[in-house]
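Using the sequences and the hints given, assemble the complete structure.
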Amino acid sequence: MILLQLNQLTKRFGAELILSNIKLEVQMNDRIAIVGRNGSGKSTLLKMMAGELSYDSGDIFKPKDVTMEYLAQNTGLDSEESIWNEMEKVFAHLKGIEKELRDMEAEMADPELFDNHEAYQKLLSSYDERQDYFKRAGGYHYEADIKAVLNGLNFHDFDWNTPITSLSGGQKTRLALGKLLLTKPDVLILDEPTNHLDIETLSWLEGYLQGYEGAVVIVSHDRYFLDKIVNTVYEIAHQGSKKYHGNYSNYLQKKEADYELELKSFEKQQSEIKRMEEFIQKNIVRATTSKRAQSRRKQLEKMDKLEKPKTDQSSATFSFQVNKKSGNDVLKLNDLSFRYDPDSPMLFDHLSMNLQRGDSVALVGPNGVGKTTLLKTIIGELKASGTMMLGTNVQIGYYDQEQTNLNSKKTVLNELWDDYPLKNEKDIRTILGNFLFSGDDVLKPVSALSGGEKARLSLAKLMMQEANFLILDEPTNHLDLDSKEVLESALIDYPGTLLFVSHDRYFINKIATQVVEMHPKETRTFLGDYDYYVQKKQEELELQQLEEAEAAQQATGDSGEAQIKNSFQQDKANKREERKRQRRITEIEQQIEEVEIKIEEIESLLCDPEIYQDHEKSLELTESNQSYQQQIETLMEEWEQLHE
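Going letter by letter, the sequence shown gives residues 1 to 644 in full-length UniProt numbering.
Honestly, the hints are just simulated from the structure, not real lab data. Quick caveat: nothing in here was measured; it's all calculated off a predicted structure. Hints may be right or wrong, so weigh each one.
Calculated cross-link-like contacts (lysine to aspartate or glutamate; reagent style EDC-like; alpha-carbon spacing at most 20 angstroms) [as the list claims (entries may be wrong)]:
1) K242 to E522
2) K332 to D304
3) K537 to E522
4) K147 to E192
5) K23 to D359
6) K184 to D349
7) K484 to D400
8) K228 to E620
9) K135 to D145
10) K179 to E192
11) K47 to D59
12) K324 to D349
13) K310 to D145
And the structure:
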């Protein structure tokens with residue numbers, strides 16, 4: 001069932017064309033990501049879909065009975081109510097029906113009504129109808145739904161009678177998301193819903209959206225989140241849209257393959273055009289060949305000319321180098337403790353950690369545990385008790401997520417040049433050009449820059465330091481997807497030591513060789529990337545559940561001990577098999593995608609007259625195609641069996 005359809009949608013702001021001929025379709029249970037560079041028009045498109053912004057031409061079709069809700073980027077809940085009362089407003093209609101039912105029950109208990117059989121039966125019938133609707137609409141579990149959402153969004157430690165006005169901006173944003181989720185519309189439109197969420201909350205939101213009964217349309221820079229949630233990607237580029245099937249990683253592969261195929265077709269046609277033009281030029285004036293040349297000219301005029309495939313706008317290009325190598329021991333923290341003042345509780349206590357040269361360590365933990373504070377302690381901005389030792393020749397380069405190292409009164413050019421006055425202007429401009437600041441952009445005041453531009457300028461300053469120990473606090477915040485990938489490439493090749501805080505799990509997977517989990521009373525080190533960390537945490541949880549089951553058995557006696565243990569072991573084995581099954585399903589889907597790309601390439605080649613006339617080559621390609629088709633059939637059979 002089609003829930004929403006956009007056809008040939010166009011939008012201008014003044015004379016500037018923002019979006020042109022956009023086509024998009026939302027069907028039941030779709031999980032759609034809208035991706036594109038910053039400024040490409042993604043948020044504008046969401047607002048038009050939600051009816052909050054007009055469009056210049058085209059059509060939006062939505063059936064009357066389809067419900068739709070939209071959450072704008074960084075939207076905070078503005079209310080005088082308490083947390084619980086505000087969430088309960090979503091179910092005001094159910095509370096009204098609940099009151100009706102209580103009134104009907106009181107009326108049915110009236111002895112005088114028993115004497116009027118007809119009136120009693122009519123009231124009883126009406127009560128049954130209202131009670132049935134109340135049940136189907138979730139009247140008996142809406143309070144449980146509210147609790148589940150509040151707990152999932154990390155409000156489990158809050159007094160739910162807390163006034164919303166007393167909350168922080170990030171907490172109000174999470175509540176706005178929670179209230180929207182509770183409305184359960186047919187189409188849920190979310191613009192950057194992962195902002196202000198820690199990793200634990202992100203994992204909960206992924207699970208919630210995976211099981212959501214309606215359709216979801218998302219704009220997000222969180223690639224791990226997109227890979228987990230979406231099954232369709234619409235790319236917004238060059239004012240237009242293009243649809244890709246699969247998650248974000250599949251979209252990247254298919255996009256690259258499409259570009260290479262389109263470029264080959266374009267280059268081949270250009271060679272053919274050049275050959276025909278040379279033939280026409282040489283033969284048009286000769287009497288013996290003039291007719292053939294005129295025929296070629298007509299053929300050339302009728303040819304459908306292919307456009308050269310457009311590439312994305314230019315990307316930032318940079319790398320991090322070190323001025324000199326540090327010693328093997330880079331950082332040692334022992335029994336570190338911190339509090340903001342003598343009367344406040346410890347933010348963290350008894351914290352220890354060691355870093356060796358070449359380590360790439362991701363620091364993770366819930367919001368408020370003190371990760372940023374720890375980084376500022378290491379760079380000397382804050383003072384903690386305990387011992388901290390930096391190794392020989394260690395030079396620290398620090399990236400602050402708030403970009404407080406930038407002077408808002410300076411121009412972009414002077415922000416860099418003032419730190420390195422001995423370099424000439426041309427070299428400074430070249431470096432800024434690598435970070436996408438060109439021409440008059442370098443004369444802009446820092447105060448006028450967007451969040452993404454400030455992030456790129458901070459990275460430029462960091463690169464210039466050539467430090468051998470980089471400490472990064474949320475380095476992917478404000479960066480678009482393309483800039484994140486460039487930063488990842490630069491950090492993968494970085495020869496120094498890395499310590500970083502990030503909620504970007506895709507980024508952690510690409511960069512980290514260790515994950516350090518931070519708690520108020522301890523730190524724990526996991527020697528692997530984020531997926532390894534999650535796997536080990538899951539194993540620990542299963543082990544804890546087994547120990548709790550054994551402890552419960554000992555408390556109640558020995559009867560049935562073997563049965564409980566066997567039941568738990570079976571459950572553990574089932575979970576292990578389920579994870580294995582899901583991994584295999586993902587592998588099969590990726591293999592099918594890769595084989596389909598090869599089939600498309602072969603079919604394109606078979607349309608080439610030169611190859612079509614070469615019977616041996618044509619037969620070879622046809623046999624390859626049949627082999628690939630057989631591979632897809634085999635993979636699809638396995639895929640169906642795994643789903644069954």
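Comparing the hints with the structure gives:
1. With a C-alpha separation of about 48 angstroms, the suggested pairing of K242 with E522 is violated against the 20 angstroms cut-off.
2. The hinted pair formed by K332 and D304 fails the criterion: a straight-line CA distance of about 67 angstroms is larger than 20 angstroms.
3. The hinted pair formed by K537 and E522 meets the criterion: a straight-line CA distance of about 16 angstroms does not exceed 20 angstroms.
4. Between K147 and E192 the CA atoms are separated by roughly 23 angstroms; this puts the pair beyond 20 angstroms, and the hint is violated.
5. With a C-alpha separation of about 46 angstroms, the suggested pair K23 and D359 falls outside the 20 angstroms cut-off, and the hint is violated.
6. Distance check on the hinted pair: K184 and D349 sit about 42 angstroms apart at the alpha-carbon level, beyond 20 angstroms; violated.
7. Under the criterion of a C-alpha separation no larger than 20 angstroms, the hint pairing K484 with D400 is consistent with the structure, at around 16 angstroms.
8. A distance of roughly 39 angstroms separates the Cα atoms of K228 and E620; the hinted pair therefore is violated under the 20 angstroms criterion.
9. Annotation: proposed proximity of K135 to D145 holds, straight-line Cα distance about 14 angstroms (limit 20 angstroms).
10. Between K179 and E192, the direct Cα distance comes to roughly 16 angstroms. Compliance with the 20 angstroms bound is thereby established for this hinted pair.
11. Restraint check for K47 and D59: the C-alpha separation of about 14 angstroms stays at or below 20 angstroms, so the hint holds.
12. Simply put, K324 and D349 have alpha-carbon atoms about 34 angstroms apart, too far for the 20 angstroms limit, and the pair is violated.
13. Our distance criterion of 20 angstroms between C-alpha atoms is broken by K310 and D145, whose separation comes to about 47 angstroms.
When each numbered hint is compared with the structure, violations occur for hints 1, 2, 4, 5, 6, 8, 12, 13.
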